[in-house]
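Asks: These protein sequence lines are chains A and B, in that order. Per full-length UniProt numbering, residue 1 is the first one in the first sequence, and the count goes up by one each step. Per full-length UniProt numbering, residue 1 is the first one in the second sequence, and the count goes up by one each step.
Everything labelled a hint here was simulated from the structure, so no lab data went into it. The structure presented is a predicted model; accordingly, all values stated were derived computationally and were not measured. Accuracy of the hints is not assured; some may be wrong.
Sample of chain A residues lacking proximity to chain B, with all beta carbon distances greater than 12 Å (derived) [as the list claims (entries may be wrong)]:
hint, residue
1, 1
2, 5
3, 10
4, 18
5, 32
6, 77
7, 81
8, 104
9, 132
10, 136
11, 168
12, 180
13, 202
14, 207
15, 219
Which residues of chain B face chain A? A partial, calculated answer using Cβ under 8 Å [as the list claims (entries may be wrong)]:
hint, residue
16, 364
17, 395
18, 399
These stretches of chain B come out as covered by chain A in the derived footprint (C-beta under 8 Å, 3 or more residues) [what the hints assert, rightly or not]:
hint, region
19, 308-314
20, 318-331
Cβ atoms here follow ideal geometry from the backbone N, Cα and C, with glycine treated the same way.
These are the residues of each chain, in order.
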Amino acid sequence: MAQIELSGIERVFTLGDSEVHALHAVTVAIEAGEYVAVMGPSGSGKSTLLNLLGLLDRPNAGTYRLEGRDVTTLTADEQAEVRRNRIGFVFQSFHLVPRLTAAENIALPLMLAGVPPVERGPRVAEALKNFGLDTRANHRPDELSGGQRQRVAIARATIMRPALILADEPTGNLDRATGQDVTALLESLNASGVTLIVVTHDPVMGGRARRRLMMEDGALVGDLRADAASTA
Amino acid sequence: MTPADTLRFATRAATGYPLRTALMILAMSIGVAAVVVLTALGDGARRYVVNEFSALGSNLIIVLPGRSETGGVGLGSLFTSTPRDLTVRDAAALLRAPDVQRITPLTLGNSEIAYGGRLREVLVLGTSADYLGIRGYRMALGRFLPREDLERASSVAVLGATLRDELFGIEPAVGRMIRVGDRRLRVIGVLEKSGQGLGMNTDELVVVPVATAQAMFNTNTLFRVMVEARSRDALASAQRQVEDIMRTRRDGELDITVITQDAVLGTFDRILGALTFAVAGIAAISLAVAGILVMNVMLVAVTQRTAEIGLLKALGATGRNIRLAFLAEAALLSLAGALAGLALGHLGAWGLRLAFPVLPAWPPDWAVYAGLGTAIVTGVLFGVMPARRAARLDPVQALAKR
């Protein structure tokens, strides 16, 4: 049994009186610990797929089994619980809460999960140390560099020790050097066993993934494994 | 999310936008302060009037000539027309009632008082010896009117303290002859300073026997008869007896009005209490406006923080978490506003007391609690809609917004 099993996923948006097939007949299985890049031109449905995988969106048809459980039929609160415990998000624009410090931003998922403050402190301190942020703990996002912000975001995504990390253009707002740092950080998390799914249209980043899903007009048009792919 | 965390998160959100929060608190506090100050003013007026009436004495029944209405005591019964004279004989007859202890007739008129070339306008009160005891006044010098037949017009007078000072200065007054109107009277006493009582300043009064005053003003009727019941409990039966006696004396027709101090007091108490209530109600409108402002501010906050709400949802926040966080924020804003308003209102009431020392302008407890309660309830109530809107946001669209 694969960690993620999508079969016959359809997602249709209605814009005015026309229907847009954002996802069409998507069937794919992803094993635990895989490193997958979802690639394709803009509007090809990459982000919609990622939102669906992250339970932020529901398909119009098809089933999504996460760790053997059909999650498409769960209630909103049950989905929130799955997101809280099993999934970590990393966004292109970081999405840090501007009025909270780095440490508080990292602690947000723990707070939402109802972890008591005494337990939160050591876990946040450890995360800050692991991500090289211990000197920035009490800085607010506007006092951090882009790379530091994304590291805070990744620390936040991993603080609940999720099984799956979903990253939407995680290096899109960063310069080349910091982008590489962040990529390396995500890859090291993947090396420790976490499934990593990255949406990108940067071929360099996509090329580093061991598996690439190519999308076009809402459909999967290619599924390339690293051994078969050329490292461009 | 634990309640403590929800509260902390809401506090951070409120303090994260200081200008917005300050304006919100200001609006709410003005509403609460308005309630506190206006009720303090209304209740102060009520207490002032009640105190004035209490100064009259406790077991008093007041008989006045004429009857303008048949039921209850209203403000109108204080100013009645006079169909038939209320005479000194009538007053004396009231002493026959078993529950009546003392009576004193009252006649009032304006005249001139003169001594040693000094002349001034003066209010003349014609009454009897028991007036002193019934009103609870004390003599500063000499003695009060002699106990004698009510129809005897002795040529004596008792002066108010201020009047004495003005006429005699440092000279002794008792024993001197003064002129009041066209009569020469001997000063037999001076009243102790007592101040204002029901708009009649006793300190500027000259008190003469009732018959003297009636002769002076060429009248037979009395202005009032004050009747003192044996006790507070006997007040009702004394009132009935007074009415019976008067009815008998007037061939079965009751053309006088009998009021008790309690009834007058009760009426004023009710009128001014209702006035305070109405004023509080008007002030409460500003609280409703503040409530709508809370809603407006929270709706703006939801729009402002759409991306944040999307993020929280992505991090696993349930709709309930988000609803509670926004509701807690609205409640905190209202609470802070209400407390600030309470402080502001008490400051205002203190200012009022400072500016008008005779007015005991303390806000009544019920108004304080009602003001606080309304502020918090409206704040939370108007916070529900924005909070629900936040909780219902679609996370994908919310995250896409920046």
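Asks: Kindly indicate which numbered hints from before are broken by the structure, ordering the numbers from low to high.
Replies: Result: hints 6, 7, 8, 11 and 16 break, sorted rising.
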